[in-house]
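Peer 1: For reference, the chains in residue letters:
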Amino acid sequence: MTGTAALAGFVSALRSADVSVSPAEAIDAAGALAVVGYTDKGLVKSALRPALCKSTEDGAVFDRLFELYFSRAAFSSTGDAAPGEADGAPAEGDLLALVNSGDEAALATALERAGEAARVKDIRFSTQTAFYAQKMLKALGVEAMEADLLEALQARTPEGEARAKEIIDARRAVLKRAREYTERQYEVFGSGRTQTFREEILAGKSIGALDRADYARMRPLVEKMAKRLSAKYGRRRKMKTGALDVRRTVRANAGLGGVPFNVHWKKRARDRAKLVVLCDVSGSVAQYVRFLLLLLHCLGETVEDLRAFAFSGHLGEITDDLNTDGFEGAVEQILRRYGMGSTDYGQALQGLEANHSSAIDRQTSFIVLGDGRSNYGDPCTDIFSRLAARAKQTIWLCPEPPALWGSGDSEMPSYRPYCDVVANVSSLTDLERALDRILARYGVA
Amino acid sequence: MSDHPPAAYETLSSPTAIGEGLAGVGYISTPDISMALFLAAKLRKPVLIEGPAGVGKTDLARSLASFLGLPLCRLQCYEGLDEAKALYEWKYGKQLLYTQLLKERLDEVLGDGDFDALTGQLSRFEDVFFSENFLAPRPLLTALQQSDGAVLLIDEIDKSDEAFEAFLLEILSEFQVTIPELGTLSAQVPPLVILTSNAARDLGDALKRRCLHLFIGFPDLEREQKIVRARVPGIEDALLKRLVAFVQAVRGEDLRKYPSISESVDWAQALVLLHAEALGEDLVRSTLNVLLKHQSDIDALDPKIPALVRAAANGSNS
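Chains L and A, in that order, are what the protein sequence lines are. Residues in the first sequence are numbered consecutively from 1, following the working numbering. Residues in the second sequence are numbered consecutively from 446, following the working numbering.
Treat the hints with care, since some could be wrong.
To be verified - Per label pair, the in silico range of CB-to-CB distance:
hint, chain 1, residue 1, chain 2, residue 2, range
1, L, Gln195, A, Ser618, 30 to 38 Å
2, L, Thr249, A, Lys738, 40 to 48 Å
3, A, Tyr523, L, Val259, 28 to 36 Å
Note that these hints are calculated values from the structure, not bench results. Even glycine gets a Cβ: it sits at the ideal position worked out from N, Cα and C.
All chains should be modelled from the sequences, with the hints used to inform the complete structure.
Peer 2: This is how it looks when you write it as structure tokens:
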């Protein structure tokens, strides 16, 4: 394998692990290698690192993959030009001789070549290692060896027995090596892809159907989403627009005879989102609340002001609980504290208007997360309409599909006219999309 | 852009040479740092340095400049930074002052004539007012104008706006700027560009792609000892070892902000000023505010001080 091919393989390994490496960066890496040479592994690593990995998170992946990828002697075989090729390739004909020769380098080269032939790089799941190992054995010419084995067994002589045993041992040894090889390849090329695949599935899965084991895996996913949203909406505050602020300029220069020495420019202020979140924490909706709150929590600075209220029966403010460090514990506690009563939207809205009405102003997005099932109590739509009229926008996130809105005790149709958006959120992806829309309203004012 | 690098850049012939050169001006490098600078010089790419505050990101640029004997052009980024403050600005005040002075004599200068002739006269003056006389170069332009090359430090790029980041892309890849009134000015010798970031926000992919990336983290025990020794020459060896061991142990605790190299150096300086000979509990307690910058951190560490001091003493003796 040449140095460039080794580099290309390494780049594709990085990409499969979700490190985005652009062609331009790969060219830089090749340039860096050309400058430092291929002889010293440490040098190669420190030369590739600045060219290929551009963040600290990527750094960890880079380190792991570098060790895995270049551990399989890609460099030694480059160095002495593949001994297998040099001495007439015993690998081609006689696998047994190759194994017995004890020539590690030749065996490694043969495995490498068989791996190429069997396209082990395409491996995606750890369960495929056995399959690819078998394919590699085939590429190594194990069939000829098995024919020999059959012959030796049929001979029924002590020499035949001995030879059969020898062949079986050799086959086992090769299989072991092939499995090790595919496992390592899986680590290099497959595990990242499996991770991405799993995350895609999780993000699209209905939140109600998630089990506890998924929560731990959801956390990094939610953080990734929050990061994406923050990158899109965070920190874009003041910008000079280039237009002259005539009023301020004239005023500032009145003392200078009207000659505009001090010039003032118009400034734009981008306001950050202020959110008031009203969460129904009763049974079925509770899981959705967990993820909405987690997502909002992870948004951090992007959201200037977040006030959250939880209710099933009576209403309580949970903003302070969320700002503590142990977020997971806080959510559990909130669910336990407020999740017991029977759901009453009317009572919750009354509580919100009576005690916290100042929370909502015209900069605020008023977000309600709930299924709108109010146990046939008074929905208090008049209060809801007053609150909604005061907010910048009112969004209702409902975990139930639209077909069920209005069935039984669902009050969704009565609240719906006062909302700017009523969205059905069933998966994390839905949540992300809804928040994207909410934050987009906070454009340049 | 000439193909032959100027003499000053020739010094950057190998990572080892860079490491030694930096050590000569008091900066203790690591193989990774030297390699990144080496590649930056060879591939003519900017280096983006990330890492916690106070680990010597800015200092690296300063040391590099003094090692190469090149001027350092420093651009401190902040929110709202724009082209006028980073690249160039017309000396508006001077232009205005000149026009005010000339106003009285306008008739004399322009003379009589029909409208066309007057406009012709006036346009002659335009070129006078938009010449290099009235151009105030800011760090970016200054760096491009250096005939022997320069070290351009764009500090805390994460504090600037995204718009400014996008604006930088052209300069970083082409090393030229276009001033509408004067035309395109390209660098005679492309400067060595170093960008630093404290990761206050994620930088755009476009910028990252154009840069080599270098992460500088907290140093290991040995390197920190070397750094403190280089920066605080008067310190006793025994005290130095204990101090560094203590700081390293503090970084293992759960704190809001970890002490960085600059804080260890400050602390070492403070201890030298106090003529301290050993690292005692009371001494640590009374000077801890040099090392930790949050009261909550100081409070959290207080009960652990005896154990940490003992560990530092044992660790440095063995």
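Peer 1: Now, for every hint given, state plainly whether the structure supports it.
Peer 2: Now for the hints, and whether the structure bears them out:
Separated by about 33 Å at the C-beta atoms, L:Gln195 and A:Ser618 satisfy the suggested range of 30 to 38 Å. The hinted range of 40 to 48 Å is satisfied by L:Thr249 and A:Lys738, whose Cβ atoms lie roughly 41 Å apart. The hinted window of 28 to 36 Å between A:Tyr523 and L:Val259 holds, with their beta carbons roughly 30 Å apart.
In summary, the structure agrees with every hint in the numbered list given earlier.
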